[in-house]
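In case you want the letters, here they are:
2 protein chains.
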Amino acid sequence: MTEPLTATAMDIARTARIASSKLARLEAQRRTDALNQLAAELEKHASDILQANQTDCQIAAPLVEQGILSAALFKRLKLDEQKLKSVIDGVRQVAALPDPLGSIDLARELDDGLELYRIACPIGVILVIFEARPDALPQIASLLIRSGNAGLLKGGREAKNSNEAMFACIETALETCEFPPGAYKLVPGRHEVSELLKNDKFIDLVIPRGSSELVRQIQESTKIPVLGHAEGICHLYVDEFADLGMALDLAIDAKTSYPAACNSVETLLVHSAMAPSFLPVVVKAYEKAGVEVRIDAADAKKFGIKSFEPTCESDWSTEYSDLIISIKTVDSLAEAIEHINEYGSGHTDAIVTDAKGSYEIFSTEVNSAGVYWNASTRFADGFRYGFGAEVGISTGKLHPRGPVGIDGITTYKYKLVGKGHVVSNYSGAGARTFTHRNLSAD
Amino acid sequence: MTEPLTATAMDIARTARIASSKLARLEAQRRTDALNQLAAELEKHASDILQANQTDCQIAAPLVEQGILSAALFKRLKLDEQKLKSVIDGVRQVAALPDPLGSIDLARELDDGLELYRIACPIGVILVIFEARPDALPQIASLLIRSGNAGLLKGGREAKNSNEAMFACIETALETCEFPPGAYKLVPGRHEVSELLKNDKFIDLVIPRGSSELVRQIQESTKIPVLGHAEGICHLYVDEFADLGMALDLAIDAKTSYPAACNSVETLLVHSAMAPSFLPVVVKAYEKAGVEVRIDAADAKKFGIKSFEPTCESDWSTEYSDLIISIKTVDSLAEAIEHINEYGSGHTDAIVTDAKGSYEIFSTEVNSAGVYWNASTRFADGFRYGFGAEVGISTGKLHPRGPVGIDGITTYKYKLVGKGHVVSNYSGAGARTFTHRNLSAD
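First to last, the protein sequences are chains R and H.
Add 154 to a position in the first sequence, counting from 1, and you land on the number used in our numbering.
Add 154 to a position in the second sequence, counting from 1, and you land on the number used in our numbering.
It should be emphasised that the hints constitute simulated quantities derived from the structure, not laboratory data.
There may be inaccurate statements among the hints.
Claimed, not checked - Cut-off 16 Å, straight-line C-alpha distance, at most; resulting in silico cross-link-like pairs (EDC-like, lysine to aspartate or glutamate):
id, chain 1, residue 1, chain 2, residue 2
1, R, Lys-176, H, Glu-496
2, R, Lys-377, H, Glu-374
3, R, Lys-573, R, Asp-266
Stated by the list, open to error - With the Cβ distance kept under 8 Å, some of the chain R side facing chain H (calculated, not the full set):
id, residue
4, Ala-178
5, Arg-179
6, Val-571
In this text, a Cβ means the ideal position worked out from N, Cα and C, and glycines have one as well.
Sequences and hints are given; from them, build the entire structure.
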C-alpha cells in the first residue's frame, strides 16, 4: 500500500506548488471576497457542520471513558453554535485585515534605468498540522487565503467529520471565487504527513499547532523550516528595585490566569535582597491559588516556607503547563539574566523593577522574542499585540519571531527592472559605477 | 581524544553565547571603534600577515603539483599587498555603514501605559565556515562586529597561518575596545565544527561560505538554520516580445561574465516564436565565447544548429558553474514559468520582454528571491544592491532572502513596557479592551 499513498502525497504537494504561483497573482479583493464567501458558506452549512461534529463527539465519547482520549481534548473537540459563530466572525475579521502583499520596503536606483524593489509576497506552500480542535481549520485557512499562501491542512483525526464538513465550505468558497484548483487540500492521514515532511522541494514551511510533543516530533523529522515553539519556559524576575505589590500581581497573573498556555511563567527569579519580604507573601498567595511551589530547601527554611517541594536541576528546564512554579533566589540582575539565557526557551521573559537601568540591561541582554518590563508574560499573543490573528508563536531567532501574524507568513522578493543592463559594464576600464540612490517606495 | 575536544567545542560555544548578550549591549560607537582599530592592526601587522600567508602558500604549492589542491584554490589562497589593502579598506567601509541595531519598526500602545516596541537586535552566535580564502576572515569578522553578533569562525586549513595572523589582529582590536572575551573565536579543527553543528542551544545560525558541496554537507548535518544556497540554477527567459539585441547581450553577460558565480545563468528558455530568429544568433555568439551549447536534437536540426550536445533531463537541474549552457524552447510564458519553478533553485531568474504584462506575470508567479526584467541575473549581489557588504545569498523562502547584507544578520525582539499590567483584566465581566494605537516610532 505504500506506493500509491506516496504518490498521492507527492501529487497533492506538486499541485499545491503549481497553484501557489497562481495564488500569488490574485488581487487582494479576490482574496477578501473568498474570505467573505467562506464565512457565508459556514453560516449556510452551520447545521451540517454541527451534525458532523456531533458524529465526531459520539465516536470520541467512549474513548474518553476508556481513558484513551483526555477530557480536555474532548472539550476542545466539541463545537456548538456559539463557538461556530465566533469562528465565522474570525474569518470576517481576517477578511477585513489590511492585505499584507505587494508592499515595497526598499526601492533603489542602482544605475540610470536600473531599479531594484523589495516587495512583500507569499511564502509559497505551507503545511499546517493541528490537533483535534475543529475551529482551527477555518482559522488557519483564512490566514493562508489572506496571505496568498497555498495550504496543506492536516487536522486531528478525532475531528475528521467536522473538518470535512468545514473544508467542503472552503472548497465551495474558493471555487466560487475562481481560485486555482488544489491550492488548499485536506491531508488525509498520518502517512501522507510524513511523506510531505520529506518534501522540501514543494513545501516551504511547516506550522504545527498543538502540544510540545507534536512540535518537537515534527522538528526532528523534517528539513523544512518549522514555525513554532516546542517549549515556553518563561521567567518573571523580581528585581532588587521592584514594587512588591506589582510583583505579586504579576507573579499570580503570569502563573494562574491560564497555566497551560505557553506564555505562562514556569520559574520565578527573586533578587535575594527582596526575598525576605517577597517570598513569604508570594508563596502564601500561590498556596491560596492552588499552585504547587518548588524551591530550594535551604531557601525555604531561611524564609519560613513550610509547604513546598524541593527543586532539582531539571525544574529549571521544565514547562509544567500546570499550577506548579519553581522559585529561585539570585544575587544579582546578571545572575538572573544568565539563568534565563541558560534555561529559558527564548519565548518571553519579564522583569519587575522601578529602575529603568535594570530594565535596559535586562531587555538588551536577555535574548528572547519578548522582553517585558512590569507586565505579565501572558501578553505574548498575536491578538493582544494587535496583529488581528495569530498563526503561532516562534521561539526561533530568525524572522518571523515571537507571536506571528499574517505579515509573518509573507516573505519578500527582489524585483530588478533594467533596460538591458549587463554587469560587464561595471568592471574593467571605463567601468560604470552604481548610483545606489533610494527612490520613494511605491 | 574525543572527550577533551568535545568539551572544547562546548566551552567555545557556551562562552560565545554568554559574550553575545554583553555584545548586544555595546553601543554603536564602540563597535565602530573596534572596526577602525581592526583596520589599523591589520595595517600594522601587514608584513607578519603576508609572511604567514607565504608559509601557507609554501605548504600548499607541492599539493597543487601533486594534484591534491586545485590551481584555482591556490590562487584564492594567495594574499599580496594589494589584496590585503583592499581587505583593510573593506573593514573601514563596514565601520562606516549605518548601525543596524536598535531601530524600532513597530511601536504600539496596547492600552493606557502598556506599550509594545519591535526593535532590531543581533541574532546571537553565528558559526561561519569558509574555504581557503584568507581574505574572508576579516571580512566576515567585520560584518559580525558591526551587527553585534558573536562569531565562531572556521577557516580553510590551507589558510591556517594566514588566518591565525589575522585573527591575532582581531583579538588585539577587540581587547583594546574592551569587548567581552570569547565573543569571537577561531574554531581549530573539523572535529570541533561537527560538534558545534550539533549545538543548537548555543549557536543560532550557520553561514557556510564555499562550494555547493560544503553548503549541502552542512545543511544535511545540522538542525541549526543555515544561511546560504547549495545551488544557483538561474534562468534567462526570452519572451515572445523580447528585443533580440538586448536578449543577446543579456544571454552572453549572464553566462560568460563569471561562469563560476552562483548568479550566472545555466538555462536559456526561448519562446518558440523567437527561436527561428534568435537561436542561430545566440548559439553562434556562444560558440565564439567558448560556451558549450546543449539543446534538444530536434530543435537543433530545426534551427540549423550544428555544434551542440543533446540535452537530457538532468541538464535542467544542473549548475554547470562553467562555460556550458542548456537551451530549451517553450511555447508560452506559462511554460517558461512552470519550468523555472520546477527546476530552478529560487535564486534569480530573468525575463527579456518589451511587454510589461509578461513581466508582471513572470515576476509574480516565479517564486525566486530575484525576478528580473531586462537585466542580467549577475546583478544578484549584495554590493551591487547597495548593501555595502554581503554575508551570502540565501535561496530559502524565509527572511533573510536573496543577497544578505548586515541587516540580514540582525533579528528583532518585542519589548513590552507596562505599569504592572496583567492579562486577567482583559477577560470576563468588565474586561478592559486593547487600544492598539500606533505610536510614532523613534
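Hints, one by one, checked against the model:
1. A threshold of 16 Å between alpha carbons decides the hint, and for Lys-176 (chain R) with Glu-496 (chain H) the separation of about 14 Å falls inside it, so the pair holds.
2. Distance check on the hinted pair: Lys-377 (chain R) and Glu-374 (chain H) sit about 8 Å apart at the alpha-carbon level, within 16 Å; holds.
3. Pair hint Lys-573 (chain R) plus Asp-266 (chain R) holds up; C-alpha atoms about 9 Å apart against a cutoff of 16 Å.
4. The interface hint given for Ala-178 (chain R) is met, as the beta carbon of that residue sits about 5 Å from the closest beta carbon of chain H, less than 8 Å.
5. With a least beta-carbon distance of about 4 Å to chain H, the hint placing Arg-179 (chain R) at the interface is held under the 8 Å criterion.
6. Evaluation of the Val-571 (chain R) hint against chain H yields a held restraint, the C-beta minimum of about 5 Å falling below 8 Å.
Going down the numbered hints, you'll see the structure goes against none, and every one checks out.
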